[in-house]
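**Q** Below, each chain spelled out in residue letters.
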Amino acid sequence: MKRLVSFSVFFVFLINLVAFSATLRVGGVIKNEHGAAVDGVEVVINYNGKTLGKTETTTNGSYFIEIPIKKINPKDITIEFKKSTYKTIEEPIKNILVSTLPNGETIYISSINETLGRVTTPAFWIALGVLVLTFALISLEILHRTVAALVGASLLLFISYTIGIFNENYFVLSFDEAVRAIDFNVIMLLMGMMIIVGVMKKTGVFQWLAYKSYAMSKGNVFKLSIILMFVTAIVSAFLDNVTTMLLIAPVSIEIALMLNINPMSLLIPEVIASNMGGTATLIGDPPNIMIGSFAHLTFNQFLVNLGDVILLILIANVFVMKFFFGKEYKKGKVENVDKLLEKLREEYKITDVKLLKYCLFVLAFVIALFVTHGMLHMEPSIAALVGAGLILILSGVDITEMMEKEVEWTTLVFFMMLFIIVEGSVQTGVIMMIASWVKDLAGNSLTLAIILIIWVSAFASAIIDNIPFTATMLPVVAYLTRTIPDAGNTLWWALSLGACLGGNGTLIGASANVVTAGISERAGYPITFKEFLKVGAPATIVSVAIGMIWLLLGG
Amino acid sequence: MKYELVLIAKGSPNGEKAALKAANLSKERDINTVYLLFVNDTEFFKGGGFVHLDRELEKSLDNIGSIIMDKLERVIKENNSNIEVKRIELTGNTADEILKFVNENEVDTLIIPKDERGPIERSLTGGDIEPFFSEIKKRVKNLIIVEE
Numbered sequence: 001m002k003r004l005v006s007f008s009v010f011f012v013f014l015i016n017l018v019a020f021s022a023t024l025r026v027g028g029v030i031k032n033e034h035g036a037a038v039d040g041v042e043v044v045i046n047y048n049g050k051t052l053g054k055t056e057t058t059t060n061g062s063y064f065i066e067i068p069i070k071k072i073n074p075k076d077i078t079i080e081f082k083k084s085t086y087k088t089i090e091e092p093i094k095n096i097l098v099s100t101l102p103n104g105e106t107i108y109i110s111s112i113n114e115t116l117g118r119v120t121t122p123a124f125w126i127a128l129g130v131l132v133l134t135f136a137l138i139s140l141e142i143l144h145r146t147v148a149a150l151v152g153a154s155l156l157l158f159i160s161y162t163i164g165i166f167n168e169n170y171f172v173l174s175f176d177e178a179v180r181a182i183d184f185n186v187i188m189l190l191m192g193m194m195i196i197v198g199v200m201k202k203t204g205v206f207q208w209l210a211y212k213s214y215a216m217s218k219g220n221v222f223k224l225s226i227i228l229m230f231v232t233a234i235v236s237a238f239l240d241n242v243t244t245m246l247l248i249a250p251v252s253i254e255i256a257l258m259l260n261i262n263p264m265s266l267l268i269p270e271v272i273a274s275n276m277g278g279t280a281t282l283i284g285d286p287p288n289i290m291i292g293s294f295a296h297l298t299f300n301q302f303l304v305n306l307g308d309v310i311l312l313i314l315i316a317n318v319f320v321m322k323f324f325f326g327k328e329y330k331k332g333k334v335e336n337v338d339k340l341l342e343k344l345r346e347e348y349k350i351t352d353v354k355l356l357k358y359c360l361f362v363l364a365f366v367i368a369l370f371v372t373h374g375m376l377h378m379e380p381s382i383a384a385l386v387g388a389g390l391i392l393i394l395s396g397v398d399i400t401e402m403m404e405k406e407v408e409w410t411t412l413v414f415f416m417m418l419f420i421i422v423e424g425s426v427q428t429g430v431i432m433m434i435a436s437w438v439k440d441l442a443g444n445s446l447t448l449a450i451i452l453i454i455w456v457s458a459f460a461s462a463i464i465d466n467i468p469f470t471a472t473m474l475p476v477v478a479y480l481t482r483t484i485p486d487a488g489n490t491l492w493w494a495l496s497l498g499a500c501l502g503g504n505g506t507l508i509g510a511s512a513n514v515v516t517a518g519i520s521e522r523a524g525y526p527i528t529f530k531e532f533l534k535v536g537a538p539a540t541i542v543s544v545a546i547g548m549i550w551l552l553l554g555g
Numbered sequence: 001m002k003y004e005l006v007l008i009a010k011g012s013p014n015g016e017k018a019a020l021k022a023a024n025l026s027k028e029r030d031i032n033t034v035y036l037l038f039v040n041d042t043e044f045f046k047g048g049g050f051v052h053l054d055r056e057l058e059k060s061l062d063n064i065g066s067i068i069m070d071k072l073e074r075v076i077k078e079n080n081s082n083i084e085v086k087r088i089e090l091t092g093n094t095a096d097e098i099l100k101f102v103n104e105n106e107v108d109t110l111i112i113p114k115d116e117r118g119p120i121e122r123s124l125t126g127g128d129i130e131p132f133f134s135e136i137k138k139r140v141k142n143l144i145i146v147e148e
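Residue numbers (the working numbering), protein chains in the order written: chain A, 1 to 555; chain B, 1 to 148.
One or more of the hints may lead you astray.
Covered stretches of chain A (chain B as the covering partner; in silico rule of three or more C-beta atoms under 8 Å from a C-beta of chain B) [what the hints assert, rightly or not]:
1) 22 to 33
2) 253 to 262
3) 275 to 284
4) 407 to 417
Hint data in this document are derived by calculation from the structure and do not stem from the laboratory. Yeah, the Cβ is synthetic: ideal placement off N, Cα and C, and Gly gets one too.
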């Protein structure tokens with residue numbers, strides 16, 4: 001009896017084994033119409049209205065699903081690809097290869113790659129609306145930029161996780177997508193540099209540089225303007241432009257007032273030079289940091305490809321400034337140059353020589369790491385973080401005081417939220433639409449693409465904040481770089497030149513322009529929008545034209 | 001406290017014109033002391049750089065304020081060598097500080113140099129006191145606006 005029961009159990013097991021002895025394996029890659037991988041696509045295997053299995057595509061767009069199947073014809077099984085803002089595709093599984101394993105198991109294998117087309121859903125309009133509104137709020141300074149970006153990002157997520165849960169056409173982006181969109185290389189690089197600058201500024205070295213510029217000029221105002229332009233450009237190549245101008249501009253105003261010249265004649269050339277200097281290096285301007293991180297361009301690549309053209313642009317702009325302010329420079333006179341020098345020396349001396357030595361050592365070390373980070377396959381943020389750690393140890397500065405009172409956390413939060421807003425536009429097809437427009441205009445012509453990107457970027461940057469503009473353009477330029485023959489990195493340089501230099505176009509083109517105007521106004525010399533435009537627009541046109549020619553010549 | 005003549009210190013050519021006006025007025029009315037009032041206003045700066053620079057900005061504006069007041073004092077004394085020039089330095093929002101000053105003190109004559117600024121500049125850099133002129137006028141005996 002026992003034997004009979006055991007045999008029956010074994011027989012039933014054997015039958016079932018035979019009945020389930022087939023496996024269906026399906027894999028492939030899902031891309032969008034631009035050839036970019038689409039992650040988070042729901043892949044569902046159906047049979048007669050019943051779901052047999054499901055999975056999701058990974059960040060590189062690939063999926064793989066393996067399901068046991070009973071004795072059914074695999075050709076009756078369908079596969080469905082579904083993601084909000086994309087057209088759903090459901091099709092029978094084709095090109096099935098059959099194989100039988102030694103144990104008698106049958107394996108059905110199929111590879112299905114698909115291109116998903118976009119659909120315009122309410123999520124598209126929500127993402128576009130938030131992007132445009134954030135741009136406007138930041139550019140017109142209606143809200144603090146961090147508040148504008150935070151509200152925009154939180155709104156996208158809020159809509160996705162309320163209305164979007166009940167109706168997927170309103171789903172903009174998931175929390176995971178939002179977090180993945182934040183480029184922590186950019187955030188860490190900024191944070192590291194903030195700490196380094198926060199310690200360095202305690203030495204008074206930046207103001208000292210401005211005083212030293214006056215000392216070198218020996219009372220010649222035009223010479224002073226040139227020296228200040230170059231000093232500002234070099235400092236801006238390593239610090240952000242706002243910090244540079246806030247530290248150097250007041251000294252320039254003092255010098256101008258004592259020379260009895262309009263401070264504008266020193267300030268406008270300086271702020272223009274600061275926007276230029278920041279273009280020359282990976283770390284000089286936030287747009288470059290974002291471009292470098294997104295496109296994996298190194299510090300050396302920026303310096304080699306943009307350093308020489310920026311120097312040329314700077315020299316050209318010295319003549320532009322002479323044209324506009326030459327008469328004002330001639331007016332400059334001070335009764336007693338030595339007395340003025342003594343006053344400035346006393347006001348702007350280095351306040352902590354030992355700390356300065358530590359800072360210069362750490363800065364040299366960090367720059368060395370920036371120069372070699374490409375060879376070491378190291379993210380530039382690591383260089384900045386190491387430098388920040390070192391400077392904190394050597395200087396003995398209180399970390400709490402540094403974090404609470406020095407580091408501009410609002411800037412970091414701004415960047416994080418901005419990445420999320422742009423990702424919302426990527427996920428809903430807004431960016432793809434912009435990229436398609438640009439590609440339609442440029443076709444396969446690299447020349448046309450360079451001209452388009454550099455001038456559109458410059459024009460846009462003159463009106464709106466170049467940071468959100470650059471963030472939006474990154475995937476667009478990536479698409480063009482992929483699809484235009486022989487593009488190499490040229491289009492990235494075009495974006496960098498356009499976005500950074502364009503900030504010189506108008507008073508609202510860059511935050512450095514606005515803070516300089518603010519300080520100048522407090523001194524009694526308001527820089528009006530018209531006055532800045534009169535100088536800034538020609539300077540920008542000259543600069544961008546030189547940049548464009550340089551790129552077209554293969555520079 | 002009572003102030004016979006107060007001049008809002010501005011470094012512009014208009015500011016110098018206002019200083020000249022103050023010097024002439026002091027001669028006409030036999031006023032012994034002119035008060036130069038400078039407001040150290042950093043409120044236009046909303047951050048956006050790498051580091052907080054409020055302290056450095058305040059110190060810089062302090063230095064700039066000293067130079068402006070030196071210049072204006074020279075202009076006043078060149079036109080009225082008998083006058084004494086005293087300085088008042090306030091820190092905060094320009095309009096708020098001036099209003100507070102005229103509310104808390106008795107000001108006979110207040111001279112304000114007015115430089116032309118458009119709506120874009122006013123919204124970007126702040127420091128606007130024109131909207132408060134009528135308020136200020138109620139609290140001083142004579143308000144003199146010196147325009148370009």
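**Q** Work down the list of hints and note, for each, if the structure agrees.
**A** Taking the hints in turn, this is what the structure says about them:
no. : hint       : in the structure
1   : 22 to 33   : violated (count 0)
2   : 253 to 262 : holds (count 4)
3   : 275 to 284 : violated (count 0)
4   : 407 to 417 : holds (count 4)
The structure shown violates the earlier hints numbered 1, 3.
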